[in-house]
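Since chain A is already given, all that's left is putting chain B on it; use the hints.
Residue numbers (my numbering), protein chains in the order written: chain A, 1 to 112; chain B, 1 to 120.
There's no promise every hint is true.
Pairwise CB distance ranges, derived in the manner of DEER restraints [claimed, not checked]: (1) Asp73(B) to Gly31(A): 29 to 39 angstroms; (2) Gln81(A) to Ser63(B): 35 to 45 angstroms; (3) Asp89(B) to Asp62(A): 31 to 41 angstroms; (4) Ala82(A) to Thr28(B): 13 to 23 angstroms.
These are calculated hints, taken from the structure and not from any lab test.
Note that beta-carbon positions come from the ideal geometry of N, C-alpha and C, so glycine has one too.
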Amino acid sequence: QSALTQPPSASGSPGQSVTISCTGTSRDVGGYNYVSWFHQHPGKAPKLLIYEVTKRPSGVPDRFSGSRSGSTASLTVSGLQADDEGDYYCSSYAGSSGINVVFGGGTKLTVL
Amino acid sequence: EVQLVESGGDLVQPGGSLRLSCAASGFTFSIYWMHWVRQAPGKGLVWVSRIRGDGRDTGYDDSVEGRFTISRDNAKNTLYLQMSSLRADDTAVYYCARDVVLGSGSLENWGQGTVVTVSS
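If we strip away everything but chain B, and leave its shape as in the complex, we get:
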């Protein structure tokens, strides 16, 4: 069974940093594109970032480009999102998701989400 478990969400001050993790199991992690998607309170889904299975190709939404870095450790079956220069509008539930069609956004499996709150 495919499982994705996010962790690392917390309350952080504006301008601060945070690293989210997503532990994957039940599939061959290293061959799948993975994504981060976020959802602000009461709002819709917003794509954040994606990374290819070998880690050599990444992409970001304009709102996080230059502030967030996606990475993965295939030996540990873990996806990461390093977040810096955090702003109030980064407050959201952050989901990791597995893409089953070559990074296209066909997100078949999702974690339960981890909550990031940016506030002083």
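With the rest of the complex left out, here is chain A:
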């Protein structure tokens, strides 16, 4: 069982927006400003989309945005495109002792 909870699936039509949630606790998502989101195509390495809850690395389009309310973080993908299909994972820093980083179980996004 993953430390962070994500819905197993999500879907939307081209051009629409979809939001994926990631629920943790005050010991991870709610306790640190270090939530990240990754996109993974089948058989490929993950790609960082969002870090520090809301920041986008260079080259990631502003169609991808992150937010957080309490211990639940969210990723919104606007203007859905066919290439946005794949698996999305959230992660969070969880402190300097014990387990340091936790991932969500992943959400499979389908573009209809």
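Relative to the frame of chain A, chain B by itself:
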């Protein structure tokens, strides 16, 4: 350009050992935290371990604590994962990744992965 290239994955028997390597280039390796993340077949990403740039601070997931050891050789720009007492549930693709924010898990660059299969 940042590049991370893993190697060392193999088929190994339960109880066996293996050392993974991750060759880094395109950035000042010694100042970045580095991580190992694994993905079992058909499953999600699981954080395994992290190490600070100077090698003096490390962390592990509970599932590998005491069996895996992360290390680095900054002179060779290489990250390692020494794996021992391997079990079937260690079977996975192992990725190394560069952390761009102080060991927080902000993993901006990933290697292509190396496959570890634990089976008799």
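Tested hints:
For Asp73(B) and Gly31(A), the hinted distance range of 29 to 39 angstroms is satisfied, since their beta carbons lie about 34 angstroms from each other. Distance hint check for Gln81(A) and Ser63(B): the Cβ-Cβ separation is about 36 angstroms, which falls inside the suggested range of 35 to 45 angstroms. Restraint check, Asp89(B) to Asp62(A): a C-beta distance of roughly 40 angstroms satisfies the suggested window 31 to 41 angstroms. A beta carbon spacing of about 38 angstroms between Ala82(A) and Thr28(B) contradicts the range 13 to 23 angstroms that was offered as a hint.
This entry does not satisfy hint 4, going by the numbered hints stated previously; all others are met.
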